[in-house]
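Each chain, letter by letter, is given below.
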Amino acid sequence: EDQVTQSPEALRLQEGESSSLNCSYTVSGLRGLFWYRQDPGKGPEFLFTLYSAGEEKEKERLKATLTKKESFLHITAPKPEDSATYLCAVQAGTGGSYIPTFGRGTSLIVHP
Amino acid sequence: DAGVIQSPRHEVTEMGQEVTLRCKPISGHDYLFWYRQTMMRGLELLIYFNNNVPIDDSGMPEDRFSAKMPNASFSTLKIQPSEPRDSAVYFCASSFLQGGDEQYFGPGTRLTVT
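If you read the sequences in order, they're chains A and B. Those letters in the first sequence? Residues 1 to 112, per my numbering, in order. Those letters in the second sequence? Residues 1 to 114, per my numbering, in order.
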């Protein structure tokens, strides 16, 4: 059974204080690992897809990296508008069914 | 494009009543997904469609839940009869790329069953 564990559950940062969110996973044949951002009262918003170990993707202050066991979402010099819940999901590459397994998320609050 | 549209945004109903949630995916997207999100279980995939055909419904909790996609621009998720434990936020998402990459989520329907 695919499993995704995100840590920490909650994170409070001061504006400008860089940090990283972790997503540890267990999956039979990783097809893709996804990062989403979710604001209160809204649906998740797609950020990145990573397919293989060593891959990195960046978007503004966010950078996602992937190893064979985990992914990190690095936030550089965060701003209050980066406050949100960040969700990680994995998708297995076997069986032909594309059901993603989501983690519980990390709630990030950035104080001005 | 207006994005994925869901209705209603909020639904309050009594136990035993039938509930129908509606979704209009982004035009041109071949995949449509229904999710449920709760504090206890997080975000769970219930069912997904490809070209209007249900592909995997293994996430549907029980026979009280059913989903249809009569055409490329409309899908429904029905709960009959509803129970208090069905209270959650239900999201619809659509995707263009094969395999469901980069899913675009709707705003969700918050369902409360009393």
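Heads up, a few of these hints could be off.
No more than 30 Å apart at the CA atoms, straight line, and that leaves these computed lysine-lysine pairs for DSS-like [as the list claims (entries may be wrong)]: (1) B/LYS68 - A/LYS42; (2) A/LYS69 - B/LYS68; (3) A/LYS59 - A/LYS69; (4) B/LYS68 - B/LYS24; (5) A/LYS68 - A/LYS57; (6) A/LYS79 - A/LYS57; (7) B/LYS24 - A/LYS59; (8) B/LYS78 - B/LYS68; (9) A/LYS42 - A/LYS59; (10) A/LYS63 - A/LYS79; (11) B/LYS78 - A/LYS59; (12) A/LYS79 - A/LYS42.
Stretch by stretch, here's where chain B covers chain A in the computed footprint (C-beta under 8 Å, at least three residues) [as the list claims (entries may be wrong)]: (13) 45–54; (14) 77–88.
Simulated DEER-style distance windows between Cβ atoms [said to hold, decoys possible]: (15) B/ASN71 - A/PRO112: 41 to 49 Å; (16) A/GLU81 - B/SER87: 29 to 37 Å; (17) A/GLN14 - B/ASN51: 43 to 51 Å; (18) A/PRO112 - B/ASP57: 20 to 28 Å.
Hints listed in this document are in silico derivations from the structure and should not be mistaken for laboratory results. Built from N, CA and C at the ideal position, the CB exists for glycine as well.
Against the structure, the hints:
1. B/LYS68 - A/LYS42: holds, 24 Å
2. A/LYS69 - B/LYS68: violated, 37 Å
3. A/LYS59 - A/LYS69: Roughly 22 Å between the alpha carbons, so the hint for A/LYS59 and A/LYS69 holds.
4. B/LYS68 - B/LYS24: holds, 12 Å
5. A/LYS68 - A/LYS57: Since the Cα atoms of A/LYS68 and A/LYS57 sit roughly 16 Å apart, the hinted pair holds (cutoff 30 Å).
6. A/LYS79 - A/LYS57: It holds: about 19 Å lies between the C-alpha atoms, which stays within 30 Å.
7. B/LYS24 - A/LYS59: holds, 29 Å
8. B/LYS78 - B/LYS68: holds, 8 Å
9. A/LYS42 - A/LYS59: OK: A/LYS42 and A/LYS59 at ~21 Å, within 30 Å.
10. A/LYS63 - A/LYS79: holds, 15 Å
11. B/LYS78 - A/LYS59: violated, 38 Å
12. A/LYS79 - A/LYS42: holds, 20 Å
13. 45–54: holds (count 3)
14. 77–88: violated (count 1)
15. B/ASN71 - A/PRO112: 41 to 49 Å: holds, 48 Å
16. A/GLU81 - B/SER87: 29 to 37 Å: At 31 Å between Cβs, range holds.
17. A/GLN14 - B/ASN51: 43 to 51 Å: holds, 49 Å
18. A/PRO112 - B/ASP57: 20 to 28 Å: Cβ of A/PRO112 to Cβ of B/ASP57: about 46 Å, so the range 20 to 28 Å is violated.
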